[in-house]
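Undergrad: Heads up: the protein sequence lines correspond to chains G and R, in order.
The first sequence begins at 513 in our numbering and counts up by one.
The second sequence begins at 513 in our numbering and counts up by one.
Hints are computed from structural coordinates only; laboratory data are not their basis.
Note that CB positions come from ideal geometry on N, CA and C, so glycine has one too.
A couple of the hints might just be wrong.
Claimed, not checked - Calculated lysine to any residue pairs in the SDA-like style (CA-CA distance at most 20 Å, straight line): (1) G:594 with R:806; (2) G:594 with R:808; (3) G:521 with G:823; (4) R:588 with G:594; (5) R:594 with G:594; (6) R:559 with G:563; (7) G:588 with R:805.
To be verified - Sample of chain G residues at the chain R side, in silico, Cβ under 7 Å: (8) 549; (9) 550; (10) 552; (11) 554; (12) 597; (13) 600; (14) 614; (15) 805; (16) 809; (17) 823; (18) 827; (19) 828; (20) 835; (21) 838; (22) 839.
Below are the chains, spelled out letter by letter.
Protein chains: 2
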Amino acid sequence: MTGFQIINKESSGFARRGRIDTIHGSVETPCFMPVGTKATVKGLTPKQLVDETQAQIVLANTYHLFLRPGHELIKKLGGVHKFMGWSGPMLTDSGGFQVFSLSSMRRIEEGGVTFRSPIDGSSHHLSPESSIEIQEALGADIIMAFDECTPHPATYKEARDSLELTARWAQRSKAARKREDNLLFGIIQGSTYPELRGLSLEKTVEVGFDGYALGGLSVGEGQAAMYDVVEEFGPQMPEFNPRYLMGVGTPEDLLVAVAAGLDMFDCVMPTRNARNGMYFTHRGPLTIKQARFREDPEPIDDQCDCYTCRNFSRAYLRHLFISKEILSSVLATIHNLNFYNRLMAGIRLALEANRFQQFKNNFLADYKA
Amino acid sequence: MTGFQIINKESSGFARRGRIDTIHGSVETPCFMPVGTKATVKGLTPKQLVDETQAQIVLANTYHLFLRPGHELIKKLGGVHKFMGWSGPMLTDSGGFQVFSLSSMRRIEEGGVTFRSPIDGSSHHLSPESSIEIQEALGADIIMAFDECTPHPATYKEARDSLELTARWAQRSKAARKREDNLLFGIIQGSTYPELRGLSLEKTVEVGFDGYALGGLSVGEGQAAMYDVVEEFGPQMPEFNPRYLMGVGTPEDLLVAVAAGLDMFDCVMPTRNARNGMYFTHRGPLTIKQARFREDPEPIDDQCDCYTCRNFSRAYLRHLFISKEILSSVLATIHNLNFYNRLMAGIRLALEANRFQQFKNNFLADYKA
């Protein structure tokens, strides 16, 4: 059975402890989804993802896989799970965000978006219908409606036109769905205009989805504006469906969003920053290239139990980073994903014990961004 | 106890099955040593090295670690084993080969070699005494005498002068040794001149080492010339000491060298070629970028039981390589090192059963270089 259940709800506030069931297993929420853009979480084997980072679910990018190696190929090879050797739940985005952030020469029309591939300059078209077809060919457990990711800044009129296009595309995305073994989520836009966020929420719920996402955030609007949207509209999203905050964020962002009733998160930060030598710790981020770590025999984070912290000193990790060794990216990715997934596990335990606010306050008291 | 014992010897021929004991454990021979140049076998965690590739011993490069992060730092942090999280046996080379192959502005004198660091242009000096001091600071289980790696081609006089310098340096290397918990190996030079190889062997044995290596091969002399040296001088090396063929080679090279009585091998080929998308298989090398693998659902090698072959198709591995994903290097390195280590394990089993010649012939019948 696929679906969502709420296991416990904070007695005061909006945070909730839930579970999403898919045919590839369950996801305990609140959860973080590591980003596996091109059907690989950069640097880690699926075995490491499970054994060393406690990942429950992986996100892959429709846009990238559509362009290379192509969804027909992945379908022919048994779907994206089998292709990448990941047997747990997966989510694919719709490609909407990447079309807007990565492609040149894009042309947006009612029908869909025409754009050029950054790989070879070839011309491609994505529409609500083709996005759903591609995602169902890939075979993820959770798929996303095709949206226009409203750029920031946008005028009120631009944001309104954009959310209305997204609402029409939401209807078409839902109609295009053919499989019954996945969950289809709608995406709420509306930029930073509360009235438009409300309107987009209303229109998206009207279409009716298995889950709902806040999109178009973390695109330059700043933390305060993002928190305003999350805190106002998180609690207004349908209570009995999963709530997904797309592309966010820092550990603090996740705590704020969980408090606002959000359940699911994805972000490239733990993986991308890992490759740049930035480690998350319970005291805040640590930049390993700094000279002060040259002879440091201590682990990255003395409260961390990950493979990297159990086995390697800051001095060694600095050596690997400065020497541009592949293992630097691998060990930092293990640590950062484990940090994120442990944070979410801590949040879940706290929610079960009705002490989430205390957990959040304790975490933030130590954490210096 | 450190030392070497021969467990079984082929009834005809020179191949032998042995064991090297070190304070960090035993190495069953014949063995292959993955190259961990900068205190990391590129892309793999020590856990993957053990669990997924069956590595017994790792080689690290004195030259690289001397330049960065420095042997004093590594010593301060507890030695190279602790530094890189590898608890098994380790070998360090003397730095001689890298000084000649990687450094510019080198000046060779009786005392040692002055050279410039390729990292920052700074000037450094290596001598038999400092090489041994550095290696003992790193703390490897097997260390190498400092030699001059005779370039190819070399005139008879150049090769003779060079091997005599190496012989004098061998004496000084031995005298410089301070620790008693490691094994010190001497290196035989002499280019491709049989008379000079014989002379170098004689002079090196005269100094007296715990093991002996054939150096200065695989430097451009060609396979036939290399085989001539290995087949003539392998059997002449002291019988009751480990025999190490440095920097060699292909699977065929290893079989030929084992037949000539060699016990130990190292080569960057399985690891470097992995990063270039070349996989070893029992039928010969496979270049994964080729278009014919685009939709291929089969594993790299249908006779391989490694993590990569158990979980991923050629189509996926091609996708990773073409997409320049880190995981391409990781999965190919796992496969290639497992291939090399399985080959050596097969050789050892065959030697125990007195059927090495048959094993070698069977392997080479399938393998197309």
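Undergrad: Hey, residue 521 of chain G versus residue 823 of chain G, does the alpha-carbon distance stay inside 20 Å?
TA: Not satisfied, since the Cα-Cα distance of roughly 38 Å exceeds 20 Å.
Undergrad: Closer than 7 Å between Cβ atoms is the bar; does residue 549 of chain G clear it against chain R? Give me holds or violated.
TA: Violated, about 9 Å.
Undergrad: Against the 20 Å threshold, does the CA-CA distance of residue 594 of chain G and residue 808 of chain R hold or violate the hint?
TA: 13 Å, holds
Undergrad: Check whether the Cα positions of residue 594 of chain R and residue 594 of chain G lie no farther apart than 20 Å.
TA: With Cα atoms ~37 Å apart, residue 594 of chain R and residue 594 of chain G exceed 20 Å; violated.
Undergrad: Less than 7 Å between beta-carbons is the criterion; does residue 597 of chain G satisfy it with respect to chain R?
TA: Because about 4 Å separates residue 597 of chain G from the closest Cβ in chain R, which is inside the 7 Å limit, the hint holds.
Undergrad: Given the hint that residue 594 of chain G pairs with residue 806 of chain R, does the C-alpha gap stay at or below 20 Å?
TA: The hint holds at about 16 Å.
Undergrad: Can residue 552 of chain G be said to touch chain R, with a Cβ gap under 7 Å?
TA: Residue 552 of chain G check passes; min Cβ-Cβ to chain R is 5 Å, inside 7 Å.
Undergrad: Against chain R, with CB atoms and a cut of 7 Å, does the hint on residue 805 of chain G hold up?
TA: Result: violated, 11 Å to nearest chain R Cβ.
Undergrad: Take the C-alpha atoms of residue 559 of chain R and residue 563 of chain G, compute the straight-line distance between them, and say whether it is at most 20 Å.
TA: Within the cut-off at roughly 12 Å; holds.
Undergrad: So, as I understand it, the hint says residue 828 of chain G touches chain R; can you test that by seeing if any CB pair is closer than 7 Å?
TA: 5 Å, holds
Undergrad: Would the hint on residue 614 of chain G stand, with a C-beta cut-off of 7 Å toward chain R?
TA: Violated - the Cβ of residue 614 of chain G stays beyond 7 Å from chain R, reaching only about 14 Å at its closest.
Undergrad: Hint validation: residue 554 of chain G versus chain R, beta carbon distance must be below 7 Å. Holds or violated?
TA: 5 Å, holds
Comparing the model with each numbered hint stated earlier shows that hints 3, 4, 5, 8, 13, 14 and 15 do not hold.
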